[in-house]
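What follows is the residue order along each chain.
2 protein chains.
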Amino acid sequence: MAPSLTQVSSNKHFEGTLTKYKFKSSALGDLDAAFNVFLPANAASAKVPVLVYLAGLTCTEDNGAQKGSFMKDAAQEGIALVFPDTSPRGANVPGEDDSWDFGSGAGFYVNATHPAWSKHYNMRAHVAQELPAVIEAAGIPIDWSRQSIFGHSMGGHGALTLYLQSFLPPAAGPGPNERQYRSASAFSPICNPTIAPWGTKAFSGYLEGGIEEARNVYDATQLISRVKENVHILIDYGTADNFLFQLNPDNFLKAAREAGHDDVQVRVRSQEGYDHSYYFISTFASDHIHFHANFLKA
Amino acid sequence: MAPSLTQVSSNKHFEGTLTKYKFKSSALGDLDAAFNVFLPANAASAKVPVLVYLAGLTCTEDNGAQKGSFMKDAAQEGIALVFPDTSPRGANVPGEDDSWDFGSGAGFYVNATHPAWSKHYNMRAHVAQELPAVIEAAGIPIDWSRQSIFGHSMGGHGALTLYLQSFLPPAAGPGPNERQYRSASAFSPICNPTIAPWGTKAFSGYLEGGIEEARNVYDATQLISRVKENVHILIDYGTADNFLFQLNPDNFLKAAREAGHDDVQVRVRSQEGYDHSYYFISTFASDHIHFHANFLKA
Chain A
1 MAPSLTQVSS NKHFEGTLTK YKFKSSALGD LDAAFNVFLP ANAASAKVPV
51 LVYLAGLTCT EDNGAQKGSF MKDAAQEGIA LVFPDTSPRG ANVPGEDDSW
101 DFGSGAGFYV NATHPAWSKH YNMRAHVAQE LPAVIEAAGI PIDWSRQSIF
151 GHSMGGHGAL TLYLQSFLPP AAGPGPNERQ YRSASAFSPI CNPTIAPWGT
201 KAFSGYLEGG IEEARNVYDA TQLISRVKEN VHILIDYGTA DNFLFQLNPD
251 NFLKAAREAG HDDVQVRVRS QEGYDHSYYF ISTFASDHIH FHANFLKA
Chain B
1 MAPSLTQVSS NKHFEGTLTK YKFKSSALGD LDAAFNVFLP ANAASAKVPV
51 LVYLAGLTCT EDNGAQKGSF MKDAAQEGIA LVFPDTSPRG ANVPGEDDSW
101 DFGSGAGFYV NATHPAWSKH YNMRAHVAQE LPAVIEAAGI PIDWSRQSIF
151 GHSMGGHGAL TLYLQSFLPP AAGPGPNERQ YRSASAFSPI CNPTIAPWGT
201 KAFSGYLEGG IEEARNVYDA TQLISRVKEN VHILIDYGTA DNFLFQLNPD
251 NFLKAAREAG HDDVQVRVRS QEGYDHSYYF ISTFASDHIH FHANFLKA
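Line by line, the protein sequences give chains A and B.
For the first sequence, counting from 1, position 143 maps to 143 in the numbering used here; every step adds exactly one.
For the second sequence, counting from 1, position 128 maps to 128 in the numbering used here; every step adds exactly one.
Since the hints were made in silico from the structure, they are not lab data.
Incorrect hints may have been included.
Stated by the list, open to error - Per label pair, the in silico range of CB-to-CB distance:
id, chain 1, residue 1, chain 2, residue 2, range
1, B, 6, A, 99, 28 to 38 angstroms
2, B, 95, A, 10, 28 to 38 angstroms
3, B, 197, A, 90, 33 to 43 angstroms
4, A, 239, B, 44, 10 to 20 angstroms
Built from N, CA and C at the ideal position, the CB exists for glycine as well.
One chain only, chain A, in its complex shape (with noise of 0.2 angstroms):
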């Protein structure tokens, strides 16, 4: 039986609704989740399409409902934003809260299976499989066979890895279904996280087969070289940024390249002079809903 939702909050935004709700979430091992979802006004009539939104290292569900601008676009496109949480909350494994790019805060969407995390840390399983699953059996009037994903930085690297996963399965447990989403975006992604700082530390804890486990799951250049079919991705990251060391977008755009991925298919975009910040991704918002909403509502 599905978990119950408990809505948190509720704010009417472009004549449609974002709301927040909470509930068990098993795939955080029985830990209260929360996220936030915006319903455009056509929703009221039909089932809308779904862009799910994952943030970056120490946000949570209420960062790219904020300040991501992403809402009047999308209301004007009827589309739906999902924004979950960025790890499990209150799980009290020992370190959890020691920094701010691991643990609380920095799930890195993987399922953990390191012992001393596998049983809360399972991100990739939350947002993959069961947000869907209790949003769905909630009611509440989401099409989510017509799904797409992005995100930033940390979620940028979420979003592209279960999008390319989606081509890849079975992998790592529960995680996406085949083709299970039709597009996928990202602002400032990690995109090589086996050789990233934040990328290393991360699956050296959660993983117990550290970063050699992640190779094949959980690193996007890794992904784009085995994936045959073709996609629909957009990346755009600004050449102020400061966390460039740790994103790598050339890394990705020449795996993608050699395995025959077009710029049709892989559009990696350098903006001159914006930084890792919101105000760089709002002010390509509307282009990322715009390019989902090509694939959502085809």
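Chain A is already provided as a structure; the job is to place chain B on it using the hints.
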């Protein structure tokens, strides 16, 4: 000599730049004051008009910049935005941090006359006189002869009263010059603060003469009755606003009509189902920017 500005941060945003500065504010008793300024791309070639945004209770110079969704349209219109803080910080007046609706984060855009507060709590002088002078002296390319003002809640009160005061100088010490602002708008403003709990608490604390002293200077509903010139005012409020009892937009509208200001001069819009949050503000942000652009670019 004008105080020098220290740059705290800078982010490229919609092809323009959002920069946070701080400086030693004499209006606020030599405390450090921070503000954000957004310059659209066209400010590189000529001075641009400016819209000042006053935030509400508990906010800082960041809330409007991060959550208001003002910059996309301001960039398109070629208008600068200035985001002041909502009070002095660190004045160490006894009681300053005892409640969320008085003291820190709650300056109410007055010049305090009570001796305990009058050294520091002069947000009226800070916004209307000091910030334009300091920004001008720093060579930031803003044309202050083309200036309008808007705000939210307490900041809506600030925008309306500073605008209306500019038709009725002199009063209450350093404040707006004659016709300093071309237009004013507000989201969920405290329209009649001398009869609202937030307003009476603030005035009783900051002003030696209390509510009586506030009536002729700091109450928009009182002020609009005395202004005979043509005005340009837009107000939006939500019918689901839990703080509607603090706002009294109907009183303001009635006083405006009785003073002969028609629907072109004073437009008050009731927005069905919206609340007091930035989700409401951002929904109508675009309307407000374009409203002011009519006058700033005339």
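Which numbered hints fail: none
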